[in-house]
Every structure is written in C-alpha cells, then in structure tokens.
Amino acid sequence: MNDERIEAALQELGKHTPRAPEKTVDDMVKTVDLLERKRQQLAAKNAPTAEAEKTREREAVAKPHKDLGGMKR
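Per the numbering used here: the sequence shown = residues 13 to 85.
If you are wondering where the hints come from, they were derived from the structure by calculation, not from laboratory data.
We put the beta carbon where it would ideally sit given N, CA and C, even for glycine.
Cβ-Cβ distance ranges computed for the label pairs, FRET-style:
#, residue 1, residue 2, range
1, Pro30, Lys66, 49 to 59 Å
2, Val37, Asn58, 23 to 33 Å
3, Lys57, Leu22, 52 to 62 Å
4, Ala32, Lys57, 27 to 37 Å
5, Arg31, Ala72, 56 to 66 Å
Please model the complete structure; the sequences and the hints are all you need to start from.
Written out as structure tokens, the structure is:
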C-alpha cells in the first residue's frame, strides 16, 4: 500500500465513529436520575434536622464541665 491509499483509508475510518444506540443512552440517563433521587432521599432521611442540631448545641452549653480533680496550683 502506498501512502496515499493509507491516508484515504484512515480518513474514511475516521468518518465512521461507533455510536451507542439511542435507547441504551436513554436508559442510562434514566438510571442515573433514579439513583440521584434515591441518594437525595437517603441523605435527607439520615441528615439531622436543624432543630436537633440546635438542641445538641444547647445541651452542650448548659452542662457545666466537671472538675476532674487535676493538679491544683
């Protein structure tokens, strides 16, 4: 094969890019959307509410620290 034929063959091959079937791509997009919704639901369920967070902060401030009986000066 000469260089011209090789170049022509490579140019023709470059025009034919493999493509995934449209249905497969659509199914993949639907799956990703479904997984994202599920992830958000789980995150919302497991995340502490703002009220619970405020209660924890109040309890931490309200409890006096115990004297552990360390060295006295």
